[in-house]
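Asker: Letter by letter, the chains look like this.
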Amino acid sequence: MAKEIQILVFRLGTQLWGVNILDVNEVVKIKLFTLVPRAPKHILGVFNLRGQIIPLLDISVILNINSYRSYKEAVIVEYDNEMIGIAVEKVIGVYRIEESKIRPAPSEIGDHISGIVDLNNKMINLLKLERIISMVIEDTGF
Amino acid sequence: MVGSIDKEFLEIFIDETLEYINEMEYLISKLQEQPNNKEIINKLFRILHSLKGNAATIGLDKLAHVSHKAEDLLDLIRRNQIRVTKDTITLLYKVLDYISKAVNELSAGKSISSPEEVLLEIEQVIKQATNFSEDKGENINRNIDDEKALQKEGLLESNDVKKMQQSTQKYQQGSIINNIDIKELNEDITDSASCLGILDFTESEKIKLAEAINKGLSIYCIILKFRDPTFITFRYFQALQRLGEVGDIIKSIPSGSDVLKMKTDTISIIIGIKKLNDLKDAIREINDLVDHKIMRISINDLNIDLNKVSIDIEGDRLSALENIIKKIEEYGEEHKSLTEPEPTKLKKLQEVRINVRSLDTLFNLVGELVLIKSRLLSLASQYDIQSLKEALTTFERLVNELQNEIMLMRLVPLHYLFRRIPRFANELSEKYGKQLDIYYEGGEIALDRKVLEELSEPLFKIIEILVKDDIEKPDVRVMKGKPSVGTIRIYAYREGNRVIITVESDGKGLDSEEVAKRAVELGLVPPSSIGKLTDEEKLMLATLPGFSLRNNEFAGLDKIKHSIESIGGTIEIYSKTDHETKITFKIPVSMATLRALLIKLKDQIYAIPVSSIITTMKLNVLNSAGNINVIKYQSKFVSVHDLARILEIENKRKNKNYIVLIEKRGKYIGLLVDEILGQEDIVVKPLSKLLSKIKGFSGATILGDGKVCLILDPISLL
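Those protein sequences? They're chains P and F, same order as listed.
In this text, residue positions in the first sequence follow our numbering: the first is 1115, and each later residue adds one.
In this text, residue positions in the second sequence follow our numbering: the first is 22, and each later residue adds one.
It should be emphasised that the hints constitute simulated quantities derived from the structure, not laboratory data.
A few of these clues could be false.
Stated by the list, open to error - With a straight-line Cα cutoff of 27 Å, these simulated DSS-like cross-link-like pairs (lysine-lysine) come out: (1) P:1143 - F:710; (2) F:621 - F:688; (3) P:1145 - F:710; (4) F:529 - P:1143; (5) F:688 - P:1155; (6) F:131 - P:1186; (7) P:1145 - F:728; (8) F:621 - P:1186; (9) P:1242 - F:131; (10) F:51 - P:1155; (11) P:1145 - F:394; (12) F:716 - P:1155; (13) F:295 - P:1143; (14) F:710 - P:1242; (15) P:1155 - F:710; (16) P:1204 - F:728; (17) F:688 - P:1186; (18) F:131 - P:1155; (19) F:452 - P:1145; (20) P:1242 - F:621; (21) F:714 - P:1155; (22) F:623 - P:1186.
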């Protein structure tokens, strides 16, 4: 049998994006969040997740794409023992894909995309979350 | 190899070894002060012995090997074949370094690096020492002697499983010799009818037995006959208590629960003891005794196969662990139900290892409870429900108690940091060619473990700066008429909710004029601003980023200041040229809760710690002096800044009506805000690491409505 992985697909801007479900802790609705003055553009703010204070990232800044900036949900991931929320416009769902169907991304897109997969005639860009977050960290100077 | 070790097992090992490292560090530094103190050497020996056993149990051969060699080294020290010199201490530190490195590698999931270097060094020292020793036979038999010596002193701990197996065999060799000494007592126990069934052991008793033998205890059967069966229960407990003080009780007939039902005047006890005389003394102290019998039981007479017991354990580590836990539980229950337990043994049972992470989670949850509490309180007063209010009063008290208790759980004594000082000082004095005496006190003062963690770096850095740049070289000191050995004193004490830690040295000192001149020279402050500063303010210029005196002296104070401030502390510098230099840290015991003033700015609420607020006031007239706004407060002019502008927030609201007057390093500054909401106790939570580089915030808290509120840090704000 072909090797399958599960991906969480969400919409950000005009495109669909996917992350490996194993990298995702949970998905939560964004109700309230607090702006952090002086924060770089890719940090939308902080919010309360069961008593923990979690930064909310706007990765459209990092991906250099246009988004509608109407964030409704956050994909919670863990990085370096800390939880981080990635703001998305809409979570579409979880899908099973065959690993062999993932095509490599053109190199000019950048190294934050691990591959592209076709799902019901829609292109989904698979994100390298770790790379993106480390880019954020470099950018923040931490 | 590492992969095959049970992860949980490894975690326990790492935890324990870290404790050992801490203890060893302390002991080695003590040994340096008292090179002839046998007790310290024995303690070190024992730690290495345990470490060796533990490491061998989980297959960490390199670590086991190094511990074993170090143990040999200590043994030679103990026998006065190696003297404790500076080189010996350095070597011991090298061993310690290797062990710490290995543990770090283990926790990082890497494999342990080769111990060859450190082994070689130990080997050399041992070889030198043994060459002097003429008695070569002794050296060959050393290991066996050693175990026996340990057994006699009762130093052997049986906390690992593999060792059990090894030393049971060793014991059997040794017991032949011992048997001669107690020949008179060696009656044939199986003939004695009064202890029928005493030699039938249950599984748990077999483990106890194996453990006792492994500890090097000799096994005896005691039969006690009392005068009057009426008081037997009481006498029974008394006897067990007294005997428990001199040895490990393995079983008794009747058992603790049976004695209440049975009317008998005779008790049989199996006990493992170190010295026969102790046992005899103990029996003499038991009241109401008509007759007693003491019988030595040789291992061969026991109906159990000890090897089988230990092989079972070796074969299945998990079940071994379970057995040990069961044993501890049984032990605890037995002793609880019988008599007053031995304090040292019970202490172990009263302490439980808690993962730091779950402690943090608990702490977070209690923080949430505190928030819910205030939400409920405000609801109760809003709807004015009397019965709810009453219930909430109790609830409030309980939550406060809970919060306090958890806060206490997180406190760790300063010892953990201070213990590392002597060694660090040694390295420094060697590195910089200074002679140094270092004293510290106040190690018993406890701080939140997070604060303690953060304190480590600035504290050690400041010691290094003082040794390097303040204490003069010995010849210079002599020329100045000072003792050639410099002194550094570190003392800590508690003052309210803060801990004051002072580091003081008697070196050449910092001259405030020189600092000010240098700061101007480096372009850190405009020359015009110097004139007005006090001496203390001038000294504080040394904490500006980029500051150093010539030859890079006193560089890095800015980093220290930053670390201290990040845990909510402050730093003060005092110096008298050629007399003393004193750096004082004032840090909060816990970063947990804070009294804060809540203010509003462009529809978002911020908290300002009350500790840095002087007063608040309504704005009437704002005077402009040039382009700086000023107000008059207690006949002083204070500059006023728009908080929104400082925070780079667009705020078009015109009616900023309030001023919060804060103090920043002795200077008053007014902050213009939209609204003042009132004071509240807030639970401080750390901001994500992602946000740690953003200046102006010391953390965040969660408000009653669940929204996150940022805590302003006046010091890094401006």
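Asker: Which numbered hints does this structure break?
Answerer: 4, 5, 6, 10, 13, 17, 18, 19 and 20
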